[in-house]
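Sequence lines, in order, name chains D and H. Mapping the first sequence onto my numbering, position 245 (from 1) lands on 245, and the numbers just tick up by one. Mapping the second sequence onto my numbering, position 196 (from 1) lands on 196, and the numbers just tick up by one.
The set of hints was computed from the structure by calculation and includes no laboratory data. Careful: at least some of the hints might be erroneous.
Below, computed lysine-lysine pairings styled on DSSO-like, alpha-carbon distance capped at 27 Å [said to hold, decoys possible]: (1) H/Lys-201 <-> H/Lys-191; (2) H/Lys-201 <-> H/Lys-222; (3) D/Lys-234 <-> H/Lys-87; (4) H/Lys-222 <-> H/Lys-250; (5) D/Lys-241 <-> H/Lys-311; (6) H/Lys-70 <-> H/Lys-108.
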Amino acid sequence: MHFGLTEEQELLQETVRGFIDGECPPPRLREIFDGGAGHDPTLWKGLAEMGLTGLIVPEAHGGAGLELLELSLVMESMGGGALPGPFLGHSLASLAIALGGSAGQQARWLPGLASGELVGSIAIAESADGWDPESFRLDGPSLSGTKVHVPFAELADLLVVATAGGGLAVVERGASGIRVEATPGIDRTRPIASLHFADTPAEALATPVFDRVRDAALALLAADAFGAAANLTKITTEYAKTRQQFGRPIAEFQSVKHQLADMATQLEPTRGLFWFAAHAFDARPEEASRAAAVAKAQICDRAVGIARDAVELHGGLGFTWECDVQIWFKRAMFDRAFFGTPEHHRARIATLGGY
Amino acid sequence: MDLSYGEEYEVFRGEVARFLEGWPLTGGEAKLALAEQEQLFRKRGIEAGYVYRNIPTEYGGSGQPYDALKEQIIQEEYMRVGAPGNKLDQGPGLFAPTLLEFGNEEQKRRFIPPTLSGEMRWCQGYSEPGSGSDLASLQATAILDGDDFVINGQKIWTSGANEAHYMFGLFRTEPEASKHAGISYLTIDMKAPGIDVRPLKQMTGSLEFNEVFFNDVRTPAKNLIGKRGEGWSISRSTLKHERNLIGNPKLMTLQFDQLLERARTTPRNGRPAIEDPGIRDRIAEIETYVRAVETTNLRMLSATMRGEELKVMLPMMMIKLYSTDVMQLICKASYDLLDGDGLLEPSESQDGIYATSGTTSAVIHNYLFSLGPAIAGGASNIQRNIIGERGLGLPRDR
């Protein structure tokens with residue numbers, strides 16, 4: 001019995017944290033955030049050099065062949081640093097092809113995704129509440145219609161598009177009939193757009209694996225939100241120790257101390273939820289869907305709550321654009337809304353649990 | 001990660017399960033009073049090596065080598081069949097482990113065996129009217145006079161004092177010393193002259209609380225546990241055991257299952273309440289909290305097994321506050337399902353524990369009772385201080 005991390009897994013997290021501290025510290029993060037592209041080719045190259053772009057791609061296709069647990073730990077670290085870039089959608093697109101692609105499809109796309117030369121993304125919802133397969137309308141060998149809230153739609157070389165009934169299809173960059181309509185996204189570390197298709201050629205993956213991809217996505221979003229909320233707790237704690245009012249650090253006021261203790265206590269006991277969701281995805285398939293929904297619903301709600309507390313504890317400064325707290329707040333808002341709200345997943349928890 | 005217990009442990013689980021087929025008792029033994037049946041079966045559990053594993057055989061335990069996973073399996077299996085295993089009340093649950101750590105040989109031999117067998121019952125004399133959360137401000141004195149300490153003062157909210165044979169508690173033996181250094185850990189015979197126990201009814205209607213008055217009560221100096229002035233640090237150890245008792249995850253799962261069952265069987269607008277979207281959402285959210293407690297317990301179990309406690313210091317600090325909050329969420333949701341029957345006063349008397357019968361009365365009792373664990377063993381706001389100061393490194397209160 002082991003419900004904890006191995007030394008290798010801890011080292012993986014430290015490596016990612018070290019990379020972010022070195023290459024994307026808060027001033028650089030701020031530049032990218034204010035710049036609007038949400039992407040920095042240098043950072044992407046760095047992730048590729050560390051093998052992270054192919055973390056869950058099988059070794060036969062040039063990846064590291066690791067599992068969702070490791071990927072979720074990387075996501076936690078990335079959430080902690082609010083690392084901008086297409087990593088989430090890229091990883092899910094890679095996972096979709098690794099799980100659902102034919103041998104030929106895997107050989108065609110996975111090596112490029114693993115090396116980071118190809119950037120992948122995913123296109124799921126067709127409406128605000130359209131995260132379930134029942135609501136997907138796009139279908140057929142050529143796609144017509146609209147997908148909304150697609151991360152890095154402009155940048156992606158390869159899009160994995162959810163199709164009617166829980167299938168997935170791949171659309172390559174430059175395919176005919178695609179129009180990208182940028183939509184201002186709340187999280188400037190991960191911009192989104194609408195994608196309009198008109199008879200756009202698409203290649204269906206051999207096996208319809210939307211449900212598996214969703215389980216993975218929920219675990220990863222929970223991990224990212226956990227990292228973001230943990231960082232907010234940390235920076236708010238540091239701020240409270242230094243900010244002076246009434247002649248002393250505000251951390252000495254019990255109202256502040258208790259609010260910080262509650263932020264930490266709302267979060268830390270949920271860590272095992274995303275661990276378990278990822279581990280279930282890897283090793284306990286019957287439990288995976290529910291575990292993923294539980295992690296997403298619980299952690300993402302706590303994360304935005306903690307973020308709101310973080311803003312409040314930073315006072316007037318916290319309400320300004322220049323205060324970095326908003327970067328992680330909006331990161332957590334993305335994690336909460338993408339792939340369905342906690343409320344949406346609580347309804348699934350009830351149904352999957354035979355309530 | 002690997003959540004299987006492994007072959008060796010599954011074999012062990014099988015052994016425990018086979019042993020537990022002996023409960024409930026049958027034949028002539030089934031005719032004994034329930035308390036006697038429990039005592040008999042507990043004795044068998046000690047002989048089999050499943051009960052009081054951490055207490056050496058010479059003191060009446062089963063003296064097994066420490067194994068967190070086996071402990072867990074035993075707990076799970078005993079809970080599954082509802083068999084009497086480790087008693088968790090104050091004597092065996094709090095005092096015996098403390099004595100094992102700090103008592104001398106004579107004290108261990110005298111006190112632990114009858115405590116485990118249930119012949120000697122204990123109460124905990126900590127809180128005083130003026131010393132609740134600020135326990136170290138306690139005023140009850142114990143002044144050495146010849147071979148005895150002479151005790152004067154008052155203890156309050158003392159669970160089980162009316163039934164206890166002995167009290168373990170904190171008393172000020174060195175009035176000149178500083179606040180924390182003046183306290184000693186003493187045991188007192190509750191039949192000693194000068195002790196006056198007065199019942200203090202709890203808001204649940206239970207009568208397990210008491211006030212205990214001491215008027216020149218003498219207790220032999222040999223009843224001092226540890227050294228004079230060490231009482232405060234010894235009490236921290238007892239408190240650790242108390243917090244362990246409060247965060248029993250199996251109890252939580254049971255209460256959650258009863259909530260879900262009640263929602264399935266309670267009508268709302270002509271349909272089962274569980275089909276109401278609001279109720280469904282609320283219960284699903286509570287389940288996510290219950291799962292958080294379960295996975296946190298798994299983390300702590302796993303780390304403890306591997307001697308990696310340092311990796312789980314934060315969750316260990318938080319679990320009391322977190323899980324007493326979650327228990328309150330469960331109990332409040334169950335209570336809300338009673339609708340107008342929430343006007344009733346509970347008829348079941350459940351002293352100091354959660355009711356598990358699932359009846360309306362049990363739900364109302366639990367709605368009230370669930371506040372108790374949030375106060376006992378360090379109230380929630382004290383937990384927040386500990387988490388803030390020791391967990392987050394915030395400055396201490398002034």
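Right, here's what the structure says about each hint:
1. Restraint check: the Cα-Cα separation between H/Lys-201 and H/Lys-191 comes to about 22 Å, which is no more than 27 Å; the hinted pair holds.
2. Restraint check for H/Lys-201 and H/Lys-222: not satisfied, since their Cα atoms lie roughly 34 Å apart, outside the 27 Å limit.
3. The straight-line distance between the Cα atoms of D/Lys-234 and H/Lys-87 is roughly 41 Å, outside the 27 Å bound, and the hint therefore fails.
4. Only pairs whose Cα atoms come within 27 Å are accepted, and H/Lys-222 paired with H/Lys-250 is rejected, the gap being roughly 39 Å.
5. Our distance criterion of 27 Å between C-alpha atoms is met by D/Lys-241 and H/Lys-311, whose separation comes to about 24 Å.
6. Restraint check: the Cα-Cα separation between H/Lys-70 and H/Lys-108 comes to about 25 Å, which is no more than 27 Å; the hinted pair holds.
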